[in-house]
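Number of protein chains: 4
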Amino acid sequence: MLIVMHHHATKEQVDHIIAAVEAMGLTAEPIPGSLRTAIGVLGNQGYVDDSTIRTLPGVRETIHVSKPYKMASRDFHPVPSVIDVAGVKFGDGQKPVIIAGPCSIETEEQMLTAAEQVKSGGGQMLRGGAFKPRTGPHSFQGLGIEGLKYLQQAGKEYNLPVVTEVMRIEQLDAVCQHADMLQIGARNMQNFDLLKEVGKLNHPVLLKRGMSATIEEFLAAAEYILSEGNRNVVLCERGIRTFETATRNTLDLSVVPLVRELSHLPIVVDPSHATGKRMLVPVMTKAALVAGAHGVMMEVHPNPAKALCDGAQSLSGEHFAELMQEINRLLDFLGYQE
Amino acid sequence: MLIVMHHHATKEQVDHIIAAVEAMGLTAEPIPGSLRTAIGVLGNQGYVDDSTIRTLPGVRETIHVSKPYKMASRDFHPVPSVIDVAGVKFGDGQKPVIIAGPCSIETEEQMLTAAEQVKSGGGQMLRGGAFKPRTGPHSFQGLGIEGLKYLQQAGKEYNLPVVTEVMRIEQLDAVCQHADMLQIGARNMQNFDLLKEVGKLNHPVLLKRGMSATIEEFLAAAEYILSEGNRNVVLCERGIRTFETATRNTLDLSVVPLVRELSHLPIVVDPSHATGKRMLVPVMTKAALVAGAHGVMMEVHPNPAKALCDGAQSLSGEHFAELMQEINRLLDFLGYQE
Amino acid sequence: MLIVMHHHATKEQVDHIIAAVEAMGLTAEPIPGSLRTAIGVLGNQGYVDDSTIRTLPGVRETIHVSKPYKMASRDFHPVPSVIDVAGVKFGDGQKPVIIAGPCSIETEEQMLTAAEQVKSGGGQMLRGGAFKPRTGPHSFQGLGIEGLKYLQQAGKEYNLPVVTEVMRIEQLDAVCQHADMLQIGARNMQNFDLLKEVGKLNHPVLLKRGMSATIEEFLAAAEYILSEGNRNVVLCERGIRTFETATRNTLDLSVVPLVRELSHLPIVVDPSHATGKRMLVPVMTKAALVAGAHGVMMEVHPNPAKALCDGAQSLSGEHFAELMQEINRLLDFLGYQE
Amino acid sequence: MLIVMHHHATKEQVDHIIAAVEAMGLTAEPIPGSLRTAIGVLGNQGYVDDSTIRTLPGVRETIHVSKPYKMASRDFHPVPSVIDVAGVKFGDGQKPVIIAGPCSIETEEQMLTAAEQVKSGGGQMLRGGAFKPRTGPHSFQGLGIEGLKYLQQAGKEYNLPVVTEVMRIEQLDAVCQHADMLQIGARNMQNFDLLKEVGKLNHPVLLKRGMSATIEEFLAAAEYILSEGNRNVVLCERGIRTFETATRNTLDLSVVPLVRELSHLPIVVDPSHATGKRMLVPVMTKAALVAGAHGVMMEVHPNPAKALCDGAQSLSGEHFAELMQEINRLLDFLGYQE
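Chains as they are written, first to last, in our numbering: chain A, 1 to 338; chain B, 1 to 338; chain C, 1 to 338; chain D, 1 to 338.
Which copy is meant is left open, because identical chains are indistinguishable; a pair holds if it fits in one copy or across any two.
List of simulated lysine-lysine pairs, DSS-like, C-alpha gap at most 30 Å:
no.	residue 1	residue 2
1	K156	K119
2	K196	K306
3	K306	K11
4	K306	K67
Because the hints were derived from the structure by calculation, they are not lab data.
My request is simple: use the sequences and hints to build the entire structure.
Written as structure tokens, this is what we have:
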């Protein structure tokens, strides 16, 4: 941490800061400049909580050098992690994973049809939501446990590991029982209690980036899970909220190479939620793979026009099959073996 | 809802949309224009889920006229609500409520001192956090139940109703037992399961706006609580996330008169979290009251320089007492009686 | 500036950076930490251009301590500036200035009526646009020079100094001839050539904050004018662009006390453009004054329903007169003499 | 346009609105709903200026269906445009154009070396800035006319058409004389006077998206140029400003397929300015091409570590040559001929 003093800070104020830093068990290194003094803080093993220092007289600002995450950082864990979800592997050196399926689980038949389409198209994992976070309480909220059963059954039938969102701690047992991977949604990325409980399990987790989360906060959220013991975390970029309203969110694809540099955790992309427009999904899926994503998650529905949720961004089974052919050619070009 | 067709949509496509709208039990009213056709959707009692319509061939976009909230809306509930928290009243015609206290509950003594300062300064409610949402897992996470006891005791000693944040459903019983008002933090504004459970209680709730929540989403979150039966909701603006980094968040003060127009629920402002700078708290507190806030919540700590959390934005007891004198003069000017 | 090295940077890389800093005529002060080395850069008289340093091997990031402005900074000019516009004064210790008038100049009669309403209501300056920046080319673009004459005439008739926007360098002569104060609009805040030319004049300038400008960029834009010699700069907050669409922009009122801390230049607020809603203007005007604004600029139109531009946010003359009574009571309360 | 009335609007208010719409020469079509009335506005040939309507009693909001651009829209010009810049072609069916070169023109030798590297690497156009928009006035501002000559000479020597930014109207003659394509920078995207003057020329224009411009505003800015007669406009996405600070801007790659749908104008991507990090440029360049960009503009400097501007995001000549090999393999895979 660097403490920057005001232009007009007195020597007494500087000395007071040095004493305060030393009282925290750290070392203070004053750097006198022509305009102002700065004080380097040394000896910390990670992020320094600067709230007490920032309030002392003469301090203009504090600048963090350490990050609020450590176990998620590549500095401390240089070897890229490979996460195994019932045999499907996410990570460097692995063929990117295509996760597909409907936004919401609606009926047994819908899930079986969707799973058949995902499998025959060439997808490796099946998605489907049983508990749905909806902006207003008057929209369809999901089938709950009943839905989990349809999802599990469809996954088994077509030999596809399944992932589904968990919204509250009490659902964890049921979701772990029926799904191979837990999803933490964007709105829960900073539901720290949920993160901690998920951290105590061994189940693989798909952690979605919050709508307004910085990369630093995203990795700090992963740190909550990792620091409780669960190392099986896959990150997921799903668009951030900006002033642009022509797309549902703004897909921040640069985050893919950046996370690959900063962290050892795999990262996948969800172009369906990021764009909210079916027309944009195929092209942004391919762009995500070229950007280095370890997988892509997209919405596929047997009959998008009748979907109870997010039909506008879902592909039909036929459309998915066509897209998978293009994806396979692209992955082939990128050097991945069948 | 208005459905806008593409420039080149065919008559068959328009007819298909009309049939689809009618299949939803609604009425479709085509509005042929010189460039394109639009179709008005009538007969809905609230927000229409447009996801299936948006996907049909020939549709360019759908435009919502109804809002995703109803019980929170002034259209359906024109009389402003007054929320009573153990005798302290929030709402039109009531003197704005000053809530103060430390960010985190640290010790019994700290809480007693803080309560004494809040009371003698003229505050009406005491705040303090026992469960703390922190960006990274390596920061202080709060005292938990032990902290709730200190808070309750301090509130009783000084006759101040208390408010504290609840982060998970399992904490609800304990928090209701020790606190007069539950706070839902910004990171949990769309933790819909928590909202629903809180909606089943009768306890007053302080619902903070999410960091990137639109006013529409903010009121839809309140709707989750109201629609389960709990009408005792007070809203709280606490700054939104923007590109500006000179302040912690950007305090969106226009939301105060706007919410007063759109909703019957009271709204208070938290200038401490919005700005993150102690220097800005007094002036923004006064601006919030002039903007029509039904209350203000601010951080006061017996010794800000030693606060375990958010010291940089906390006022000392002396500073609070001075500010309260200014606030009282201002409230007097605004026509509120002692 | 602080240069933060990568975790795994070698001693050679650190030495290379030190040499590079010294080659720039500055002093490098290495600060070895337990995890990484940082290098303090000393001896600079202002902002250091870090682009060459950031590229050198082993560098993780560079952190600026100096700001890209100096003449606009309070550090270098501790006494608040008072700007005189034909006898009307903006700055600390002066009664806040009320600037009012229509968005666009439309006819001679409209301007005379508007001026009469501004004067009789108690406003001190008259505004009106002759050159209008409009999102699309098919909207009304302003009357040009003809409009400037109506503005000047109306101002003279009612003894109100006038302010009007200048959009291009070639307009400067004409605008200076007809107006007492030049306005640089939000879209031109980083039109650096225009800023430099305005800096060569002596005319007072009202510089509006760009829609997505940080406070640092805002003050750096003022620096462009100041550094060419023109010291007569008044800043204007007019709302920033965020994800919220319920208001036209988000009024960032915290910027007022913050700019007063960072700079010696006066700052006024434009609640009409910030909110885009007439209903919000009175309350946000009062909030701005309580927040410490040195003035407020608002749109007043003899007949808002027939305004060629921004009618939705304009007050009528009667509405303005009522608001001025409230403003005067508030200014009286705040201690300003008539 | 759709006019949505308040819940409690009276019949008289609705009639008044209808009369107002008809007074504008348009047709009003009332759509009575169960909760409120909406009024469709028909007969307009383009964007309707709603400012007078929005102010009338009883109106809750107005919703635009038409866009503020027409000539830039695919609705009115369904055939994709191909823009020819001295023989290099941008548009559908053309091999994407690689534009490369330094941020700033520094010396004759630097430009000749850069041009040699761009040519031998396989780039088709040369870029270089003679007039530089810099946040603060104390940074390097460019070589001006002298720089234009170096650029032109280097382009001629290596048979590469050149593009350079123009910042003010007075520079247009000189820039047209020395450059094959004019660039309008992000900060000038809404410098409407500059757009209009550029519209009167025949020179090809590269129009960069403003930092906080919506796609609608971006296309409306292009409309300013097109409507003056200059049809040779190429759009350029260069990142938008969001809350994320880990990259310089957020590259909004979804805009590429979206603009291809909404407009007939070609669109290129500038990953250097969008990300601000050299490490991210190669991967985002490839992602942009897969997303459908008609070209990419990137910064290449003979010696990035000594660049006077933006060295951190510049590639060296060697790095560029390597990247071009990958790009050519990718373009080959995408079906473009050598």
